[in-house]
Amino acid sequence: MTDPAVDPIHQFQIHDIFTLGEVGGVQFAMTNSSVFMIAIVVLISGFLILSTSGRGLVPTRWQSAAELMYELVASTLRNSAGTEGMRFFPFVFSIFAFVLAANVIGLVPYFMTVTSHLVITAALALLVIFTVIVYGLMRNGLGFFKLFLPSGLPVAIAPFIAIIEVLSFLSRPVSLSLRLFGNMLAGHIVLKVFAGFIVTLTAAGVGGWFAGILPLGMTVALTALETLVAVLQAYVFTILTCVYLNDAIHPSH
Amino acid sequence: MAQQQIDAHTEVAGHGGGEGGHASFPPFDPNTFGSQLLWLAITFGLLYYIMSKVALPRIANILEVRRDRIASDLGEAERLKRETDEAIASYEESLAEARQKAHGIANTARDEAKSHIEAEFAKVEADVASQISEADKKIAAVKDAAMGEVDAIATSTTSAILEQILGSSVAEKEVSKAVSTAKAN
Numbered sequence: 024m025t026d027p028a029v030d031p032i033h034q035f036q037i038h039d040i041f042t043l044g045e046v047g048g049v050q051f052a053m054t055n056s057s058v059f060m061i062a063i064v065v066l067i068s069g070f071l072i073l074s075t076s077g078r079g080l081v082p083t084r085w086q087s088a089a090e091l092m093y094e095l096v097a098s099t100l101r102n103s104a105g106t107e108g109m110r111f112f113p114f115v116f117s118i119f120a121f122v123l124a125a126n127v128i129g130l131v132p133y134f135m136t137v138t139s140h141l142v143i144t145a146a147l148a149l150l151v152i153f154t155v156i157v158y159g160l161m162r163n164g165l166g167f168f169k170l171f172l173p174s175g176l177p178v179a180i181a182p183f184i185a186i187i188e189v190l191s192f193l194s195r196p197v198s199l200s201l202r203l204f205g206n207m208l209a210g211h212i213v214l215k216v217f218a219g220f221i222v223t224l225t226a227a228g229v230g231g232w233f234a235g236i237l238p239l240g241m242t243v244a245l246t247a248l249e250t251l252v253a254v255l256q257a258y259v260f261t262i263l264t265c266v267y268l269n270d271a272i273h274p275s276h
Numbered sequence: 008m009a010q011q012q013i014d015a016h017t018e019v020a021g022h023g024g025g026e027g028g029h030a031s032f033p034p035f036d037p038n039t040f041g042s043q044l045l046w047l048a049i050t051f052g053l054l055y056y057i058m059s060k061v062a063l064p065r066i067a068n069i070l071e072v073r074r075d076r077i078a079s080d081l082g083e084a085e086r087l088k089r090e091t092d093e094a095i096a097s098y099e100e101s102l103a104e105a106r107q108k109a110h111g112i113a114n115t116a117r118d119e120a121k122s123h124i125e126a127e128f129a130k131v132e133a134d135v136a137s138q139i140s141e142a143d144k145k146i147a148a149v150k151d152a153a154m155g156e157v158d159a160i161a162t163s164t165t166s167a168i169l170e171q172i173l174g175s176s177v178a179e180k181e182v183s184k185a186v187s188t189a190k191a192n
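Read top to bottom, the protein sequences are chains A and B. Residues in the first sequence are numbered consecutively from 24, following our numbering. Residues in the second sequence are numbered consecutively from 8, following our numbering.
Hints in this document: simulated from the structure, not taken from any laboratory. All residues carry an ideal CB built from backbone N, CA and C; glycine is no exception. Some clues are possibly wrong.
[Stated by the list, open to error] Not everything, but these chain B residues come out facing chain A in the computed CB check (under 8 Å): (1) 39; (2) 55; (3) 58; (4) 73; (5) 168.
[To be verified] Taking CB as the label site, the calculated pair distances span: (6) B/76 <-> A/29: 31 to 39 Å; (7) B/44 <-> A/69: 23 to 31 Å; (8) B/82 <-> A/55: 37 to 45 Å; (9) A/85 <-> B/97: 48 to 56 Å; (10) A/153 <-> B/61: 57 to 65 Å; (11) B/44 <-> A/192: 17 to 25 Å; (12) B/74 <-> A/179: 47 to 55 Å; (13) A/69 <-> B/97: 23 to 31 Å; (14) B/61 <-> A/83: 16 to 24 Å; (15) B/76 <-> A/187: 24 to 32 Å; (16) B/61 <-> A/233: 51 to 59 Å.
Chain B on its own, in the form it takes in the complex:
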């Protein structure tokens, strides 16, 4: 009986039709239910096993490793950035320090040069002043001397003129007295 049924079933299947005591619409043919359910149980069970034991843990692991790697890379980048910032800050600091030092050196040098120039200038000025005063003295002496000589020349010239006009010599004392009177006027 059972063998007969199987034969009938396979025969129908072989014909590709849906007749011969079976439901004509294949999805509703109960003779195939047993096989379908059996194979569904086997294959779905196998699929579930492979997914849960092999495939999904592997993908989960890949994703986790990637997430960790990205997180650690971000951390590393953060650290490097902080280091860079620190380096830049210390560089700026030393740059500012150096600039200040350079500024100080320049100031000192300028001050030194200024005081040096001022000292030199004062010295030269003093020199020049003393030379000028000396020259002034000399000029005054020469002037005095010349002035003294002017009296003598005027006296002699006057006595010479008077001698020519009067035809006789005039006392030198008189002449010099007259000259000094004229000069005073």
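For reference, chain A alone in the conformation it holds in the complex:
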């Protein structure tokens, strides 16, 4: 067994704090991941509610930040899905806030990155896709399937295009979940590998102390990059959610 200090996979370990029981052969437990999910909700809710408690006409810095976040998601959703898409605003905002908080919290050393687990990102992606399918069918009925058949297409190539469109639609949840999962996983592994070099080198003596400066610099640079990736991936997830929701509202191309 490798030393947890240098093992890059160790950080993704989910361990139970206490078990909750088992239903139909599936075990449920309070885990470190659960703690961070709760932390995410507390952090976001605390931030948004406390910062806007003054309801200032002239916003404070904190209120400004909350308004900025609101306006960012609102304008993203309005630009891609139109005014009608605003009915999904709480949903899209929750996704953005959840993913953003999970990604950013995960940057803190020793903190669990909730979104570095495929099951979480896949669940979120499927939630988005099912919302698209259910709302699309509710709103447009069978007209929703026009999504797979762009108008003004020659009859000869229509079946091929339809197949491609269906495949692209089915690949959406896969790409949506894998993108976020892969970015978070890979980034944290690379960070941990370079941080592990420092530990290994400093254990090697005085020469190692100096050599350790190189991976330290790399770790600092990677932390900056990962911060960018954390915020960017949350935004990418959100904007793709908006684009997919637009398909549910306006299925004809």
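Model the placement of chain B on the given structure of chain A, informed by the hints.
Positioned in the frame of chain A, the structure of chain B alone reads:
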């Protein structure tokens, strides 16, 4: 059996490793899926509830109040500006009126003064003219009188000279006749 599984799971977790019958790569360990999905459902549901019921309506309300306030402030500013423009216009109008009135007053005063001066001037001129004509008359009278006296003086002087030359007096009638003849020449 179930208890055993949980024990095995917690034991592995406690060791921090990924072995012992479980997938070695934690993100693909299906034993954790149940817990993760359960907690995701709870926390995401809670987050959605708090966002949609508390946080987002509050921010929306703040933004709306601000937008309304800005709109009403702009309206108020517009109104005040219009009022100011009106006040300036009426001020300019009354200023122009006053200026015109002042101009009229000045004109009247000037005209009055002018006519007054002209009347005075005419009066003085008439006065002076009458004085001049009177003086002329006086001068003419004095001149006539002097002229009359010149005849007498010339006659007496001539008779005195003739008396001295001739040694006898000449008739006064003759002398005066000669004098008037000389004068006519």
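Violating hint indices (sorted, rising): 5, 6, 8, 10, 13 and 15
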